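Chain residues, written in single-letter form:
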Amino acid sequence: MNVGRASRRSLAKLISAFAGARVVTAAGESVLDLPGQAIYYANHSSHLDFLTIWAALPAELQQRARPVAAQDYWGAGVRKAFAEQIFNAYLVERHGSSSRRQRTSDSGVSPKGQVEGMAEVLAAGDSLIIFPEGTRGDGDTIAAFHGGLYKLARLHPEVPVVPVTLANLGRILPKGEVIPVPHLSTVIFGEPLHLDPDEDRQTFLARAREVLVESLAKHQGPQSTDTPGQDDGVPDSHSQARQDDL
Amino acid sequence: MSGWELGLLDASSLKLLGGVVVVLVLATVIAWLLGRRLGTTGTIVNLKQRINAWWLMVALIGAVLAAGETVTIVLFLLLSLLALREFITISPTGRGDHKVLVWLVFIIPAVHYWFLWEHWYGMFSVFIPVYAFLFLPARNALAGQTTGFLQRTAAIQWALMVCVYALSYAPALLQLPVAMEAGRDAAEGSAPGTGGATGAQLLLFLLIVVQGSDVLQYVWGKTLGKHPIAPSVSPNKTWEGFIGGVLSATALGAALWWVTPFTPLMAALLAFISCVMGFAGGLVMSAIKRDRGIKDFGSTIPGHGGIMDRLDSLCFAAPVFFHAVRFFYT
Numbered sequence: 001m002n003v004g005r006a007s008r009r010s011l012a013k014l015i016s017a018f019a020g021a022r023v024v025t026a027a028g029e030s031v032l033d034l035p036g037q038a039i040y041y042a043n044h045s046s047h048l049d050f051l052t053i054w055a056a057l058p059a060e061l062q063q064r065a066r067p068v069a070a071q072d073y074w075g076a077g078v079r080k081a082f083a084e085q086i087f088n089a090y091l092v093e094r095h096g097s098s099s100r101r102q103r104t105s106d107s108g109v110s111p112k113g114q115v116e117g118m119a120e121v122l123a124a125g126d127s128l129i130i131f132p133e134g135t136r137g138d139g140d141t142i143a144a145f146h147g148g149l150y151k152l153a154r155l156h157p158e159v160p161v162v163p164v165t166l167a168n169l170g171r172i173l174p175k176g177e178v179i180p181v182p183h184l185s186t187v188i189f190g191e192p193l194h195l196d197p198d199e200d201r202q203t204f205l206a207r208a209r210e211v212l213v214e215s216l217a218k219h220q221g222p223q224s225t226d227t228p229g230q231d232d233g234v235p236d237s238h239s240q241a242r243q244d245d246l
Numbered sequence: 001m002s003g004w005e006l007g008l009l010d011a012s013s014l015k016l017l018g019g020v021v022v023v024l025v026l027a028t029v030i031a032w033l034l035g036r037r038l039g040t041t042g043t044i045v046n047l048k049q050r051i052n053a054w055w056l057m058v059a060l061i062g063a064v065l066a067a068g069e070t071v072t073i074v075l076f077l078l079l080s081l082l083a084l085r086e087f088i089t090i091s092p093t094g095r096g097d098h099k100v101l102v103w104l105v106f107i108i109p110a111v112h113y114w115f116l117w118e119h120w121y122g123m124f125s126v127f128i129p130v131y132a133f134l135f136l137p138a139r140n141a142l143a144g145q146t147t148g149f150l151q152r153t154a155a156i157q158w159a160l161m162v163c164v165y166a167l168s169y170a171p172a173l174l175q176l177p178v179a180m181e182a183g184r185d186a187a188e189g190s191a192p193g194t195g196g197a198t199g200a201q202l203l204l205f206l207l208i209v210v211q212g213s214d215v216l217q218y219v220w221g222k223t224l225g226k227h228p229i230a231p232s233v234s235p236n237k238t239w240e241g242f243i244g245g246v247l248s249a250t251a252l253g254a255a256l257w258w259v260t261p262f263t264p265l266m267a268a269l270l271a272f273i274s275c276v277m278g279f280a281g282g283l284v285m286s287a288i289k290r291d292r293g294i295k296d297f298g299s300t301i302p303g304h305g306g307i308m309d310r311l312d313s314l315c316f317a318a319p320v321f322f323h324a325v326r327f328f329y330t
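Taken in sequence, the protein lines are chains A and B.
With the working numbering applied, the first sequence has no gaps in its numbers, which climb one by one up to 246 at the end.
With the working numbering applied, the second sequence has no gaps in its numbers, which climb one by one up to 330 at the end.
One should not assume that every hint holds.
To be verified - Anything over 12 Å on all C-beta distances counts as not near chain B; from chain A, calculated: (1) Ala26; (2) Pro35; (3) Tyr73; (4) Glu116; (5) Val162; (6) Glu177; (7) Val178; (8) Pro182; (9) Ala208.
As the list claims (entries may be wrong) - Selected chain B positions facing chain A (Cβ under 10 Å, derived; list incomplete): (10) Leu84; (11) Glu86; (12) Ile88; (13) Thr89; (14) Ile90; (15) Thr93; (16) His98; (17) Val102; (18) Leu104; (19) Val105; (20) Phe106; (21) Gly298; (22) Thr300; (23) Gly303; (24) Gly306.
Keep in mind the hints are simulated off the structure, nothing from the lab.
Since the structure is predicted, the reported quantities are computational estimates derived from the model, not experimental observations.
We treat Cβ as the ideally placed atom computed from N, Cα and C, and that holds for glycine.
Turn these sequences into a full structure, and let the hints guide you.
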């Protein structure tokens with residue numbers, strides 16, 4: 001147990017060092033004041049994302065934080081062992097099907113049982129790390145959010161929803177690349193959000209997303225100049241059709 | 001000089017390091033006294049952090065020189081990689097550059113430092129400016145992203161130039177004595193470590209003069225500085241700081257002539273050139289930081305900022321110092 005714990009801490013340090021991760025609050029403080037239990041949600045552009053958030057958490061919170069990972073990628077073989085044994089990941093099926101080909105349309109509707117399962121994790125007292133975009137983006141823009149974040153907040157209004165902005169991680173290991181290239185990244189823990197009792201799904205998800213958009217614009221390094229047609233970095237929300245992971 | 005030796009360190013180098021330690025002890029005491037009189041203000045905290053970091057950096061350079069040329073080269077390779085990481089973070093590169101960045105970070109610096117370690121001057125001096133500089137844009141053109149191509153390519157080459165090529169001239173000084181004593185032909189391919197104690201003295205001379213110049217410019221600038229040299233780039237760089245710092249660091253270099261193969265006049269001249277180059281390096285890096293809207297390159301060294309914030313002057317001074325010595329003494 002102690003050996004496992006010590007080696008997890010060493011692994012966390014190693015991940016943070018490789019990602020050059022500077023961990024700050026939204027106000028720029030380096031000392032985190034995080035709630036004991038939370039739903040952490042973050043922008044998603046890299047396979048390193050959940051590792052980095054996990055590594056950035058203080059030891060006592062890290063033990064009870066469960067990253068939500070996709071069954072179709074992390075659900076078998078070495079990856080499964082890696083995700084479940086070391087990071088205590090909670091594996092979910094995405095988009096109602098484990099078959100990639102059937103997922104041509106992206107309705108933003110989570111498969112039945114997915115949210116219930118995550119709610120059970122919260123009911124057991126653990127925290128969740130989720131990526132409401134549902135898939136990795138280009139690192140500069142943040143796609144529309146899926147509804148799971150809202151449903152979890154509705155089912156467990158007592159659990160604070162903590163925004164986590166990941167800046168520059170998509171440059172370390174962009175989608176479709178195999179070898180990570182070191183950059184300095186920043187992990188920004190924002191002020192916890194609470195769902196208003198009469199707040200509807202659209203409003204809450206837009207509000208939650210806007211926190212990340214603003215924080216990313218502030219902390220991401222220079223915008224890359226290699227993306228043709230890139231304008232203000234904010235995608236057309238909700239109507240946008242997205243490609244899934246390569 | 002007695003026969004004491006440890007790795008590349010001999011009695012003279014030890015005296016140099018001892019002198020630095022004395023200065024650091026004084027600085028530590030002064031900072032402590034200032035802290036007691038003025039209270040723990042932000043400036044005092046930063047000053048103490050800076051001095052503590054100096055202790056670590058001096059200990060590190062002493063340790064690697066004692067361990068020999070190979071270990072020293074490995075240290076500078078690591079510094080190059082850390083500097084490169086800071087540099088590409090602020091560069092306008094994106095996903096389309098990823099494959100080129102893999103070459104830039106994982107392959108080219110290692111090959112370059114390998115040539116350096118082999119004392120293969122012919123290859124060490126042209127590998128990056130010829131082969132890498134022509135290869136990288138070609139590889140990037142193959143990747144197919146043309147938007148901002150010139151800016152991205154230029155940023156990648158400049159990162160390589162400053163963080164790897166220029167910085168590696170500092171450990172290259174370790175092999176220069178072979179060419180100074182046995183001629184350029186004999187130096188080509190000589191064994192690592194053959195530069196001996198003289199190499200370590202050259203490196204320490206450069207480090208002390210250039211970093212000393214940085215500190216002295218800071219001190220002169222803080223006390224007497226009034227007229228900024230380039231206010232749009234850095235309000236902290238003043239004519240008073242520049243002239244005072246460069247002249248006093250030149251005097252420091254001249255005073256250290258006994259540890260070098262140079263005459264006092266030549267030591268002063270080389271120190272002067274190095275200080276002016278070091279100033280230029282700091283100015284250029286300030287302009288880059290100003291352009292990218294950042295204050296520091298990173299936060300690796302507490303109180304100083306990133307690796308590049310500390311090494312900016314050395315990157316500009318080392319290549320010129322190396323080639324000046326090579327031109328006049330081999």
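Here is what the structure says about each hint:
With a least beta-carbon separation of about 18 Å from chain B, Ala26/A lies farther than 12 Å from that chain, consistent with its non-interface assignment. No Cβ of chain B approaches the Cβ of Pro35/A within 12 Å, the least distance being about 26 Å, so the stated non-interface status holds. Chain B leaves Tyr73/A outside its interface by the beta-carbon criterion, the shortest separation being 20 Å against a cut-off of 12 Å. For Glu116/A, the requirement that its beta carbon stay farther than 12 Å from each beta carbon of chain B is met, with the minimum near 36 Å.
Every beta carbon of chain B lies more than 12 Å from that of Val162/A, the smallest distance being close to 23 Å; the non-interface claim holds. The beta carbon of Glu177/A is not kept farther than 12 Å from every beta carbon of chain B, the shortest such distance being approximately 5 Å. The beta carbon of Val178/A sits about 9 Å from the closest Cβ of chain B, which is not more than 12 Å, so the claim that it is off the interface is violated. Here Pro182/A does not stay apart from chain B, with its beta-carbon only about 4 Å from theirs, under the 12 Å limit.
Separation of Ala208/A from chain B is adequate, the least Cβ-Cβ distance of about 26 Å exceeding the 12 Å criterion. A least Cβ separation of about 8 Å between Leu84/B and chain A falls short of the 10 Å threshold, and the interface hint therefore holds. Because the smallest distance between the Cβ of Glu86/B and any Cβ of chain A comes to about 6 Å, under 10 Å, the interface hint for this residue holds. Given the 10 Å rule on beta carbons, the hint for Ile88/B holds: about 6 Å separates it from the nearest Cβ of chain A.
Because the smallest distance between the Cβ of Thr89/B and any Cβ of chain A comes to about 4 Å, under 10 Å, the interface hint for this residue holds. Because the closest C-beta pair between Ile90/B and chain A is about 6 Å apart, less than 10 Å, the hint holds. The beta carbon of Thr93/B is positioned within 10 Å of a beta carbon in chain A (closest approach about 6 Å), and the interface hint is therefore held. The beta carbon of His98/B comes within 5 Å of a beta carbon in chain A, closer than 10 Å, and the hint placing it at the interface holds.
With 10 Å as the threshold, the beta carbon of Val102/B comes within range of chain A, its nearest partner Cβ sitting at about 5 Å, so the hint holds. At a threshold of 10 Å, the smallest CB-CB gap from Leu104/B to chain A is about 8 Å, leaving the interface hint in force. Hint status for Val105/B relative to chain A: holds, with the closest Cβ pair at about 5 Å, below 10 Å. This hint holds: Phe106/B has a C-beta 7 Å from the nearest C-beta of chain A, less than the 10 Å allowed.
Evaluation of the Gly298/B hint against chain A yields a held restraint, the C-beta minimum of about 6 Å falling below 10 Å. Given the 10 Å rule on beta carbons, the hint for Thr300/B holds: about 9 Å separates it from the nearest Cβ of chain A. A distance limit of 10 Å between C-beta atoms decides the matter here; for Gly303/B the minimum to chain A is near 15 Å, and the interface restraint is violated. Satisfaction of the interface hint for Gly306/B is found here, the shortest Cβ-Cβ separation to chain A being roughly 8 Å, below the 10 Å cut-off.
Checked against the numbered hints listed earlier, the structure breaks hints 6, 7, 8 and 23; every other hint is satisfied.
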